[in-house]
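Q: The lines below spell out each chain.
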Amino acid sequence: MNVGEAHATIATMQSLLDHLDGHDAVLLMYLAGELPGEDRSRVEQMLGTDQTMRARLDELRAAHDVVTGALARHDATHPLTGSEAAAVRQVGRMVRSWHADRAARPAHRDLAQPRMLRFPYWSYPLAAAAAVTLAFVTWYVMLPEPGKLPGESNVAMVEVNPDSSAAESIDLSGDAAQFALSDSSGLSEAETELRQLQFIRENMQ
Amino acid sequence: MTLSLRNPPPPVVDVTVPSDEALAARLREGDPSAGEVLAKRYHAALLRYLQRLVGSDHLAEELLQQTWLSVLDHLDRFDAASTRGGFKAWLFRIATNKVNDVWRSRGRERTAKEGLRLVVDVEAPHAGHRIEGVEQVDKLRAAIEQLPENQRQVLLLRYYSSLKFVEIAELLGCPLNTALGRMHKAMLKLKELMSEP
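Chains as they are written, first to last, in this note's numbering: chain P, 1 to 205; chain X, 1001 to 1197.
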């Protein structure tokens, strides 16, 4: 069986082998003894027929032996720094101190107990209703008058050009505004505009 | 610590030896002796793991203390039923997080130093990838230090904690295939570095 066939075999397998990417992952899990029984026997079957796979297993095993051997030798020749007994006693002290701190802290609120309310329970929905009403009234008051755009005010800057020789800006915030407020009722828009212009001319003269 | 890639057979349950999870429960109640038993049980493996990862005995001891402090701080949140690998995996995860914090701060330092080197234009002696003239044991240390951090973590976790690959993947928050890939690369690279004359 070549590598491609072995891959195909692995791909058709169910369980853990289905989730492993390639031979190296399968072999690593095999060496670690972490494959389920059925998967393990399938891998052994493949190893029996696939020389490439067997060679990779040998390579992996050799690498493992070198690494673990070196780590073991290193640990054997380098005793741990510090005393184990001292470290263990220190953990014991930490636990005592931690437990004392925890006991000194106020106990957590028991979630089963009802929470104490600052105000009577009926005041909360009442306050919510009042807030909604207030918001509605504010919105209603702020609505623009019919025929006006939102944000349009009674103060306007009108550009008048009486003799078409020079542009002149006139602020209508004073008298003209008064005029607009007092006399515009009952007139069409064109009439109102005409009367405003006449009023302006009179003021300019 | 296991010297084999293969997992050790499941331990025979000894009723006189309390499990990690039972000790953790006693520890939560404030029993210092339970903490001492756990500390003794994992002292060598955890300290060796930290030493190999950070490459400094002094720093490893400091991180070991920090690990136990974190264990106590978060003990209320430890749930043995939902943690794959139980208390041991949880303990090694905390230790790994401590090391990650160190690496992050080292990374910032390294960046700052590299910036400084560009300014003063001083070329430090090249650390090189060859390990020559050092003894076999020191060679290992140097070789481990040449591994990328994520490969080093998987290799050393596997060796010192004896956790399963599935548990290691979960501990590191990566897919199983990623953990296996890192382990494979780490072993081949170490073998190559160790075989160099």
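Be a bit skeptical, because a hint or two may be false.
Stretch by stretch, here's where chain X covers chain P in the computed footprint (C-beta under 8 Å, at least three residues) [stated by the list, open to error]:
(1) 18-31
(2) 93-103
(3) 119-129
Source of the hints: derived by calculation from the structure; they are not laboratory data. None of the values given here were measured: they were computed from a predicted structure. Cβ coordinates follow ideal geometry from the N, Cα and C atoms, glycine included.
Q: Next, verify each hint and record whether it holds.
A: Hint check results:
Counting residues of the region 18-31 of chain P whose beta carbon lies closer than 8 Å to any beta carbon of chain X gives 8, which reaches the threshold of three, so the coverage claim holds. Only residues whose C-beta sits within less than 8 Å of a C-beta in chain X count toward coverage, and the region 93-103 of chain P has 8 of them, enough to reach three; the restraint holds. Only residues whose beta carbon comes within less than 8 Å of a beta carbon in chain X count, and the region 119-129 of chain P has 0; fewer than three means the coverage is violated.
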